[in-house]
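> Here the protein sequences come in this chain order: A and B. For the first sequence, numbering that gives the first Met the number 0 assigns the number 0 to the initial residue and increments by one for each residue that follows. For the second sequence, numbering that gives the first Met the number 0 assigns the number 0 to the initial residue and increments by one for each residue that follows.
Any given hint could be a false lead.
[Claimed, not checked] Lysine-lysine pairs mimicking DSS-like chemistry, simulated, CA-CA at most 27 Å apart:
#, chain 1, residue 1, chain 2, residue 2
1, B, K53, A, K37
2, B, K5, B, K91
3, B, K31, A, K146
No lab work stands behind these hints, which were simulated from the structure alone.
Listed below, chain by chain, are the residues.
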Amino acid sequence: MNNQRRNVLKTGSGAALLSVLAAAGIITPGMALADWNKAAFDAKSMADTLKAIGAGTPVDSKDVQVTGPDIAENGAVVPVGVSSTLPNVTMVAILIEKNPNALAASFTLPEGTEASVQTRVKMGQTSNVYALVKSDGKFFMATKEIKVTLGGCGG
Amino acid sequence: MANPMKIRAANKEGVTEVKVLISHEMETGQRKDSAGALVPGWFITELTAKHNDKVVLSSEFGPSVSKNPYLAFKFKGGAKGDKIVVSWKDNKGETRTDEAAIG
Chain A
0 MNNQRRNVLK TGSGAALLSV LAAAGIITPG MALADWNKAA FDAKSMADTL KAIGAGTPVD
60 SKDVQVTGPD IAENGAVVPV GVSSTLPNVT MVAILIEKNP NALAASFTLP EGTEASVQTR
120 VKMGQTSNVY ALVKSDGKFF MATKEIKVTL GGCGG
Chain B
0 MANPMKIRAA NKEGVTEVKV LISHEMETGQ RKDSAGALVP GWFITELTAK HNDKVVLSSE
60 FGPSVSKNPY LAFKFKGGAK GDKIVVSWKD NKGETRTDEA AIG
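So that you can see chain B by itself, here it is in the shape it has in the complex:
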């Protein structure tokens, strides 16, 4: 299974900023290996972030998002200690969910 995501969330004046660093190859499916064979695409397609039980961001990724994707976004509300849950799914059907508390 993939490595855990790094999630940082901080609340400042009523707005919570969430930063997520995901460990994933994000292979485009356009690259060729040394033998000239096409390397099959392997990338995250969907990512959802939740604050407590409310969805605060849902996103769709294509293969042109960088390897080990980074994502930052902001939402109104959130208090210290609240839970942020981020989950992703890739085109092979692998998924991962990690959580962090707002600091």
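Next up, chain A with everything else stripped away, as it sits in the complex:
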């Protein structure tokens, strides 16, 4: 088994590695990653993005929180967190209104995973940051303005 592992590591690289691992039964097919929602990530405006996600018109909710700095000195690394006290949250997404593509990241939360996600995003300029949360099949939203003094897109 150990020898096999060595060989797998030696021969594999990049995408080839995954298929080799899959073939060897080390990674089960269930591990295959979900399809990337290209339409949502390509959408430029907030409205188009929401449409591509299928969110319609989300309702503003006090039970959704966006955390982040009020002023970000460096737009290349802006810590943003989303949390919610709503029940049965199945999806969380971070949208930045004035970025070239509004959607930064979306997370699918299976049962048992808490509605609390933190990450870091790039912001080209001062913008509203939206947290989109799907709870019990309905979409809710919260907003926070983050001021950027130095853009994150080579500005």
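Chain B: place on chain A using the hints.
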């Protein structure tokens, strides 16, 4: 191949918090190099985290996630020594999988 991810997972009162630091360029595809040519986009598109064999988080990233992405999330359950496996895939089809034990 890309550098390994740094994964930390800790269980506190029945909730496991997982923190992941990934080494990746996350090039947006909007930047120009010194010659004025557009630098092609190169970023992680999908990331999945598993606790033992159960998926606890699946996410999709766009190019506006920062370089060397950081991610933190929490899930109910998990015990010391349990395995956390995180894998990502980028838009060039490169993938990487790393694992850590809950401490």
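> Hint by hint, say whether it matches the structure.
Cross-check of the supplied hints:
At roughly 26 Å between alpha-carbon atoms, B:K53 and A:K37 fall within 27 Å of each other, so this suggested pair holds. A hinted pair counts as satisfied when its Cα atoms are at most 27 Å apart, and B:K5 with B:K91 qualifies at roughly 22 Å. Among the hinted pairs, B:K31 with A:K146 is consistent with the structure: their alpha-carbon atoms are about 24 Å apart, no more than 27 Å.
In summary, the structure agrees with every hint in the numbered list given earlier.
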